[in-house]
Amino acid sequence: MSRQDGEQLTVPPDGRPEAEQPRWRQDFPIDSPQDEYVARRDFVKFMVLISLAFTTGQFWVLLRNAQRAPAEALPLRAIARVDDIAVGGALVFAYPEPGDARVLVRLDAQTMVAYAQHCTHLSCPVIPQPEAGRLYCPCHEGSFDLATGRPIAGPPQRALPRVRLQVRDGVIYATGVEERSA
Amino acid sequence: MPVPAQMEFFIDPSRCIGCQACVQACTECDTHKGAAMIQLDYIDRGSSPQTVPVVCMHCDSPTCAEVCPADAIKRSGDGVVQTARKPRCIACNNCVLACPFGVPKMHTQMNLMMKCDMCYDRTSVGQKPMCASVCPSQALFYGRREEIERSRPRSRPITRFQFGSQVITTKVNVMVPRHQLIDLVDVTSAQHERAAGQEMQDDPLLAGMHLGEGVA
Chain A
767 MSRQDGEQLT VPPDGRPEAE QPRWRQDFPI DSPQDEYVAR RDFVKFMVLI
817 SLAFTTGQFW VLLRNAQRAP AEALPLRAIA RVDDIAVGGA LVFAYPEPGD
867 ARVLVRLDAQ TMVAYAQHCT HLSCPVIPQP EAGRLYCPCH EGSFDLATGR
917 PIAGPPQRAL PRVRLQVRDG VIYATGVEER SA
Chain B
596 MPVPAQMEFF IDPSRCIGCQ ACVQACTECD THKGAAMIQL DYIDRGSSPQ
646 TVPVVCMHCD SPTCAEVCPA DAIKRSGDGV VQTARKPRCI ACNNCVLACP
696 FGVPKMHTQM NLMMKCDMCY DRTSVGQKPM CASVCPSQAL FYGRREEIER
746 SRPRSRPITR FQFGSQVITT KVNVMVPRHQ LIDLVDVTSA QHERAAGQEM
796 QDDPLLAGMH LGEGVA
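Line by line, the protein sequences are chains A and B.
If you're matching positions, the first sequence starts at 767 in the working numbering and goes up one per residue.
If you're matching positions, the second sequence starts at 596 in the working numbering and goes up one per residue.
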């Protein structure tokens, strides 16, 4: 009993030839070789439709980005006077929303930096250690470079979001937040 | 690897001695370990100890697969009807109720229909099914057609059965007396006849034989 590839082994109950059978018998064959068979045309159709879906998705993402970009202009907000913070001192403030804790550190007379206070690993609050030149997260021994906010030790992989600062007439203003992916 | 086409399964119910060795062996099969897919049915328990081994007959038009709403029961290219596919089987019991031979078994713990698959892990590598390898009276025989024709001169295999108006052709053979013109086994008619061992043989498959033209 040798059979050609694609030939049905199972006989339909009414015994009539395959061509006279209803369409669903071809779609749901009982023989597993036919059940597992995928026509080249069906495969290509599937591939094209999936690629089309991915392409459409990319355009959708692009469109969403274009819509969102101009909306995010953060307010200018006064934080503290420069004289209130000693060199090597730090200040915790919220910007732009009340829940967004930020930490400001005065590195020397001229330079000030501010970062998000949440560690990028599991959101524990980071502690500035200006003498060591780092922001330290006690939860899992993570460290960030104080000058740039980039991770230098421990589990965190991403840099702390940086708050843009401006000093005008002895007052420190926050002007925006830089989200950074690495 | 498919089951070789020249290797066939033969059942001779008149040889069955009811020892249950096949049932025990069946639980050892790796495709359904721990559960027996073969059973011994008593013909007329009140008057006879005669049993019939019931394995899947692997029909050419499998009723179980025809009634499956989930498209789960498939027949491999060598004609063996396999256990329901686990990702598809919805444990609806349709196949259990529909099979005229009463072969599929519902395993509610696994939500899966399992059935005799002729020990596919063994037969597909050239070994005998578990039941046929242990049967002491060879009521279950697995081998070549020439072999059984030579060793059993008084019997011959047939593969057609009738249940009411449904005629079924199977892959598995049942042995019937060689010199009677038996075309098919009418199983449902046999159920209504007395098989007490007086005028009939105590074998429903033989008792209800549909005799063809020109009975000798």
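Be a bit skeptical, because a hint or two may be false.
[Unchecked claim] Far from chain A, by Cβ distances over 10 Å, these chain B residues were calculated:
#1 Glu623
#2 Gln634
#3 Asp655
#4 Ser656
#5 Pro657
#6 Ala660
#7 Ile668
#8 Gly672
#9 Gln677
#10 Gln757
#11 Gln761
#12 Thr783
[Unchecked claim] Per label pair, the in silico range of CB-to-CB distance:
#13 A/Asp801 x B/Thr764: 16 to 24 Å
#14 A/Ala805 x B/Ser643: 50 to 58 Å
#15 B/Asp639 x A/Arg807: 34 to 42 Å
#16 B/Val720 x A/Arg806: 26 to 34 Å
#17 A/Arg834 x B/Ala630: 56 to 64 Å
#18 A/Phe820 x B/Gly721: 41 to 49 Å
#19 B/Gly641 x A/Arg782: 42 to 50 Å
#20 B/Thr703 x A/Arg789: 46 to 54 Å
#21 A/Ala805 x B/Gly641: 29 to 37 Å
Please keep in mind that the hints were generated in silico from the structure rather than gathered at the bench.
Only a predicted model underlies this, so the values are computations on that prediction, with no experimental measurement involved.
Note that CB positions come from ideal geometry on N, CA and C, so glycine has one too.
Hints, verified against the model:
1. Glu623: holds, 25 Å
2. Gln634: Fine: 24 Å to the nearest Cβ keeps B/Gln634 off the interface.
3. Asp655: For B/Asp655, whose nearest Cβ neighbour in chain A is about 5 Å away, the distance does not exceed 10 Å, so it is violated.
4. Ser656: violated, 5 Å
5. Pro657: violated, 6 Å
6. Ala660: violated, 4 Å
7. Ile668: B/Ile668 not clear of chain A: closest Cβ-Cβ about 7 Å, inside 10 Å.
8. Gly672: violated, 5 Å
9. Gln677: B/Gln677 not clear of chain A: closest Cβ-Cβ about 7 Å, inside 10 Å.
10. Gln757: holds, 14 Å
11. Gln761: B/Gln761 not clear of chain A: closest Cβ-Cβ about 8 Å, inside 10 Å.
12. Thr783: holds, 17 Å
13. A/Asp801 x B/Thr764: 16 to 24 Å: Distance hint for A/Asp801, B/Thr764 holds at roughly 21 Å.
14. A/Ala805 x B/Ser643: 50 to 58 Å: holds, 55 Å
15. B/Asp639 x A/Arg807: 34 to 42 Å: Violated - the Cβ-Cβ distance for B/Asp639 and A/Arg807, about 58 Å, lies outside 34 to 42 Å.
16. B/Val720 x A/Arg806: 26 to 34 Å: Taking Cβ atoms as reference, B/Val720 and A/Arg806 lie about 32 Å apart, which means the hint holds.
17. A/Arg834 x B/Ala630: 56 to 64 Å: holds, 59 Å
18. A/Phe820 x B/Gly721: 41 to 49 Å: Taking Cβ atoms as reference, A/Phe820 and B/Gly721 lie about 47 Å apart, which means the hint holds.
19. B/Gly641 x A/Arg782: 42 to 50 Å: holds, 44 Å
20. B/Thr703 x A/Arg789: 46 to 54 Å: violated, 34 Å
21. A/Ala805 x B/Gly641: 29 to 37 Å: For A/Ala805 and B/Gly641 the Cβ distance comes to about 58 Å; the hint is violated.
Violation of the numbered hints given earlier is confined to hints 3, 4, 5, 6, 7, 8, 9, 11, 15, 20 and 21; the remaining hints are satisfied by the structure.
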